Amino acid sequence: MNRYSIFTLARNALSHHEHWQRAWRSPEPQRRYDVVIVGGGGHGLATAYYLAKEHGVRSIAVLERGLIGLGNSGRNTTIVRSNYLWDESAHLYEHSLKLWEGLSRRLNFNVMFSQRGVLNLAHNLHDLRELRRRVNANRLNAIDSDILTTQEVQRMVPALNCAADARYPVLGASLQRRGGTARHDAVVWGFARAADALGVDIIQNCEVTAIRQRDRRVTGVETTRGSIAADKLGVVVAGHASVLAQMAEIRLPIESHPLQALVSEPIKPVLDTVVMSNAVHVYVSQSDKGELVIGAGIDAYNSYSQRGSFPVVEASVSALVELFPSFRRLKMLRQWAGIVDVCPDASPIISKTPVRGLYFNCGWGTGGFKATPGSGHVFAHTIARDEPHALNAAFALERFTTGALVDEHGAAAVAH
Amino acid sequence: MLRIACPWCGPRAEIEFSYGGEAHIALPEAADALDDAAWAQYLFMRTNPKGRHLERWVHTHGCRRWFNVVRDTASERIAAVYQPGAEPPEDAR
Numbered sequence: 001m002n003r004y005s006i007f008t009l010a011r012n013a014l015s016h017h018e019h020w021q022r023a024w025r026s027p028e029p030q031r032r033y034d035v036v037i038v039g040g041g042g043h044g045l046a047t048a049y050y051l052a053k054e055h056g057v058r059s060i061a062v063l064e065r066g067l068i069g070l071g072n073s074g075r076n077t078t079i080v081r082s083n084y085l086w087d088e089s090a091h092l093y094e095h096s097l098k099l100w101e102g103l104s105r106r107l108n109f110n111v112m113f114s115q116r117g118v119l120n121l122a123h124n125l126h127d128l129r130e131l132r133r134r135v136n137a138n139r140l141n142a143i144d145s146d147i148l149t150t151q152e153v154q155r156m157v158p159a160l161n162c163a164a165d166a167r168y169p170v171l172g173a174s175l176q177r178r179g180g181t182a183r184h185d186a187v188v189w190g191f192a193r194a195a196d197a198l199g200v201d202i203i204q205n206c207e208v209t210a211i212r213q214r215d216r217r218v219t220g221v222e223t224t225r226g227s228i229a230a231d232k233l234g235v236v237v238a239g240h241a242s243v244l245a246q247m248a249e250i251r252l253p254i255e256s257h258p259l260q261a262l263v264s265e266p267i268k269p270v271l272d273t274v275v276m277s278n279a280v281h282v283y284v285s286q287s288d289k290g291e292l293v294i295g296a297g298i299d300a301y302n303s304y305s306q307r308g309s310f311p312v313v314e315a316s317v318s319a320l321v322e323l324f325p326s327f328r329r330l331k332m333l334r335q336w337a338g339i340v341d342v343c344p345d346a347s348p349i350i351s352k353t354p355v356r357g358l359y360f361n362c363g364w365g366t367g368g369f370k371a372t373p374g375s376g377h378v379f380a381h382t383i384a385r386d387e388p389h390a391l392n393a394a395f396a397l398e399r400f401t402t403g404a405l406v407d408e409h410g411a412a413a414v415a416h
Numbered sequence: 001m002l003r004i005a006c007p008w009c010g011p012r013a014e015i016e017f018s019y020g021g022e023a024h025i026a027l028p029e030a031a032d033a034l035d036d037a038a039w040a041q042y043l044f045m046r047t048n049p050k051g052r053h054l055e056r057w058v059h060t061h062g063c064r065r066w067f068n069v070v071r072d073t074a075s076e077r078i079a080a081v082y083q084p085g086a087e088p089p090e091d092a093r
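Residue numbers (our numbering), protein chains in the order written: chain U, 1 to 416; chain S, 1 to 93.
FYI, nobody ran anything at the bench for these hints, they're computed from the structure. Hints may be right or wrong, so weigh each one.
Said to hold, decoys possible - Residues from chain S that face chain U, not an exhaustive set, calculated with beta carbons under 7 Å:
{"#": "1", "residue": "A37"}
{"#": "2", "residue": "H53"}
{"#": "3", "residue": "E76"}
To be verified - Over 10 Å on every C-beta distance to chain S, these chain U residues come out as not near it, computed from the model:
{"#": "4", "residue": "W20"}
{"#": "5", "residue": "P27"}
{"#": "6", "residue": "R132"}
{"#": "7", "residue": "E152"}
{"#": "8", "residue": "D165"}
{"#": "9", "residue": "N205"}
{"#": "10", "residue": "Q213"}
{"#": "11", "residue": "R214"}
{"#": "12", "residue": "R217"}
{"#": "13", "residue": "A248"}
{"#": "14", "residue": "E265"}
{"#": "15", "residue": "E291"}
{"#": "16", "residue": "R307"}
{"#": "17", "residue": "V355"}
These figures come from a predicted structure and were not determined experimentally. For each residue, glycine too, the CB sits at the ideal point set by N, CA and C.
Required output: the full structure, derived from the provided sequences and hints.
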């Protein structure tokens, strides 16, 4: 792998940028791998990267149905934070946030991680109490978190309507300063390039059609590009988790829903932080291109259609223009939905399964993007050691039998 | 937006309805004798198919009655609507 630097940039500028090395190969699938990862999104590629980097696994393939990063990795609102309520989730997401810090340097790829802060607004007394509780819980877990007054919020976000007679009055907010956004494509490409450099085969346009097993032990997969044998199989396919689970005759506590987002026309800088409101189901940030990136809530019904219904967008946008009256005149350029795998307790499943050698990483629901490096890191550990990392032991599939759920509906909110 | 044909009120816009999740999940008989794994199956495990899905809807802003729908979760096409407690129509299964 040619390292990217100011010098290679200058050298390639001389040849009109026509001779850059391809960022990753497009190999033909081999007949057999030690580990096959199903799903070439950020989580899958991160898993492959950490398997190769930290666990010395030399024979790894990542199988992707389409092109890498075109699923939920390319369909989220790129928010990164770790201010979750319960210890188990706080530790897991904080682990991920720490990996985000310094990720560009480690991957030698600018993932444009911008710690511009994440605000969660309180619109009523109950919201404020819940936020205080969460901020206190965060601080006990050494996660930076503050409560801002209405005046402090207004100073930080001048465009926000903080008037006392507003439709959604702002009584305060929590702020995680280390939170922010990252460039979603760059994360995928960065992990893909780094994993490829370590010998991982990234195989695109390769859909898994069956999971082969003998005596409840994984032996490989059937794909649209032929059979591939594998000792271990890691499935990290977000909205399609239940489809893959069915191939292995496993039932998951997951339902797939569309989560919609939309992007406005680009405008001059107006918002230099992330503003989220759980109560009115909207969250917004401004991309480096100037577009407002707006997230909505999930559609209530199960769906794999990546579209979603208009009333959901309408509800979010009408809340948004109450919060930011100056956004009223903006035109929206694009709207899309990602299919999110929602768990009953709004926490992920990173787990072994009843089938030996088969591991599932799913159930991230509306908030998987922020966890990309951390999820890959602990999932790689789970696969390599055949036992969970200390950070994901609580996120096993068995918790739905034991009842030890990690209820994060409050902190998970609706945000990707 | 979906257009759902309420069996009592006829076709209406999706916003009049509320979704009730997968249909035909009945509380197991002798519930007091269930073990934890059986409870987990009943409470949490779902089919979540990509394709034909049997699901419950309620006409919240209409007749407020429950009914079942056969909908394709990939195409959003509704194949049939049928009464609660009934089996899904043969041709829509």
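Okay, the hints, checked on the actual structure:
Annotation: S/A37 was flagged as interfacial toward chain U, and the flag holds, the nearest CB pair being 5 Å apart, inside 7 Å. A cut of 7 Å between beta carbons decides the hint on S/H53: the least distance to chain U is about 6 Å, and the hint holds. This hint holds: S/E76 has a C-beta 5 Å from the nearest C-beta of chain U, less than the 7 Å allowed. Every CB of chain S is more than 10 Å from the CB of U/W20 (nearest about 38 Å), matching its label as outside the interface.
The claim that U/P27 lies off the interface holds: its Cβ sits roughly 29 Å from the closest Cβ of chain S, which is beyond the 10 Å cut-off. No Cβ of chain S comes within 10 Å of the Cβ of U/R132; the nearest lies about 31 Å off, and the non-interface call holds. With a least CB separation of 37 Å from chain S, U/E152 remains clear of the 10 Å interface cut-off, as annotated. Non-interface status of U/D165 relative to chain S is upheld: no Cβ of that chain comes within 10 Å, the nearest being about 28 Å off.
Annotated as non-interface, U/N205 keeps its C-beta farther than 10 Å from every C-beta of chain S; the closest such distance is 19 Å. Every CB of chain S lies more than 10 Å from the CB of U/Q213, the least distance being 20 Å, so the non-interface label holds. For U/R214, the non-interface assignment is confirmed: its Cβ lies about 24 Å from the closest Cβ of chain S, beyond the 10 Å cut-off. Interface exclusion of U/R217 from chain S stands, the closest Cβ pair being 21 Å apart, more than 10 Å.
At roughly 14 Å from the closest C-beta of chain S, the C-beta of U/A248 stays outside 10 Å, upholding its exclusion from the interface. The Cβ of U/E265 sits about 25 Å from the closest Cβ of chain S, beyond the 10 Å cut-off, so the non-interface label holds. Every beta carbon of chain S lies more than 10 Å from that of U/E291, the smallest distance being close to 25 Å; the non-interface claim holds. A cut-off of 10 Å between C-beta atoms contradicts the statement that U/R307 is not in contact with chain S; the least separation is 7 Å.
For U/V355, the shortest C-beta to C-beta distance to chain S comes to about 16 Å, beyond the 10 Å cut-off, and the non-interface label holds.
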